Amino acid sequence: DAMVIQNPRYQVTQFGKPVTLSCSQTLNHNVMYWYQQKSSQAPKLLFHYYDKDFNNEADTPDNFQSRRPNTSFCFLDIRSPGLGDAAMYLCATSRDHLGHGYVVETQYFGPGTRLLVL
Amino acid sequence: ELKVEQNPLFLSMQEGKNYTIYCNYSTTSDRLYWYRQDPGKSLESLFVLLSNGAVKQEGRLMASLDTKARLSTLHITAAVHDLSATYFCAVESRNYGGSQGNLIFGKGTKLSVKP
Numbered sequence: 034d035a036m037v038i039q040n041p042r043y044q045v046t047q048f049g050k051p052v053t054l055s056c057s058q059t060l061n062h063n064v065m066y067w068y069q070q071k072s073s074q075a076p077k078l079l080f081h082y083y084d085k086d087f088n089n090e091a092d093t094p095d096n097f098q099s100r101r102p103n104t105s106f107c108f109l110d111i112r113s114p115g116l117g118d119a120a121m122y123l124c125a126t127s128r129d130h131l132g133h134g135y136v137v138e139t140q141y142f143g144p145g146t147r148l149l150v151l
Numbered sequence: 093e094l095k096v097e098q099n100p101l102f103l104s105m106q107e108g109k110n111y112t113i114y115c116n117y118s119t120t121s122d123r124l125y126w127y128r129q130d131p132g133k134s135l136e137s138l139f140v141l142l143s144n145g146a147v148k149q150e151g152r153l154m155a156s157l158d159t160k161a162r163l164s165t166l167h168i169t170a171a172v173h174d175l176s177a178t179y180f181c182a183v184e185s186r187n188y189g190g191s192q193g194n195l196i197f198g199k200g201t202k203l204s205v206k207p
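For the protein sequence lines, the chains are A and B, in the order given.
Quick note on numbering: the first sequence equals residues 34 to 151 in the numbering used here.
Quick note on numbering: the second sequence equals residues 93 to 207 in the numbering used here.
The set of hints was computed from the structure by calculation and includes no laboratory data.
Quick caveat: nothing in here was measured; it's all calculated off a predicted structure.
C-beta: ideal position from N, C-alpha, C; glycine also.
Mixed in with the good hints there might be a few duds.
[Claimed, not checked] From the structure, some residues in chain A lie toward chain B, with a derived Cβ separation under 8 Å: (1) A75; (2) Q140; (3) G143; (4) P144.
[As the list claims (entries may be wrong)] Simulated restraints, written as ranges between beta carbons of each label pair: (5) V45(A) / E136(B): 23 to 33 Å; (6) K199(B) / P94(A): 18 to 28 Å; (7) L142(B) / N88(A): 14 to 24 Å.
Using the sequences plus the hints, can you model the full thing?
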């Protein structure tokens, strides 16, 4: 089945120790997103890739970086995790099939990676 | 700046009852999404509403969109325990020169259906 896969599902890291979360998709969607969701809050968009074009949200800390080596994979790098970065990180994908720059289909979310910072 | 407000944020209801969750948004958009999230889990897409007057139904849930009022509703009919979850509405914002929208989420409505 086509899907969005995130690894690992749970990640424990130490304060300041870099961590990488991965997302892969078999949907062949051209848009991939990373969200941060803290407990009892709405998901907050960190950045997204439209094909190879990287789009960073204005309030995303520099501590968060992303890479998309190919259509199927996208990585979230947290360079120096702080206690406040403990959250669920959700990857999502969508397809702009009209080619007009409009995302007309819903976003499909992966299962998430829960990050704990000690 | 696009703002999305849901109410209520918490909803406790009895099985068999009907209720409506409201989603208001502050600027023009013609794309609205409803998602469900179970505790500790990811988001599951429920509905995509793409035009004024759009109505979609799936089981006991029905969603509608009024773009003129900037309002979407999620109506629950004869609630059952399995519907207990957090429901988010999300509106697509238009950034980056009018193309490529991003989703702005409401704070979510935590629904608890009791026997």
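A quick look at each hint next to the structure:
{"no.": "1", "hint": "A75", "verdict": "holds (4 Å)"}
{"no.": "2", "hint": "Q140", "verdict": "holds (6 Å)"}
{"no.": "3", "hint": "G143", "verdict": "holds (6 Å)"}
{"no.": "4", "hint": "P144", "verdict": "holds (5 Å)"}
{"no.": "5", "hint": "V45(A) / E136(B): 23 to 33 Å", "verdict": "holds (26 Å)"}
{"no.": "6", "hint": "K199(B) / P94(A): 18 to 28 Å", "verdict": "holds (22 Å)"}
{"no.": "7", "hint": "L142(B) / N88(A): 14 to 24 Å", "verdict": "holds (22 Å)"}
Violated hints: none; the structure is consistent with every hint.
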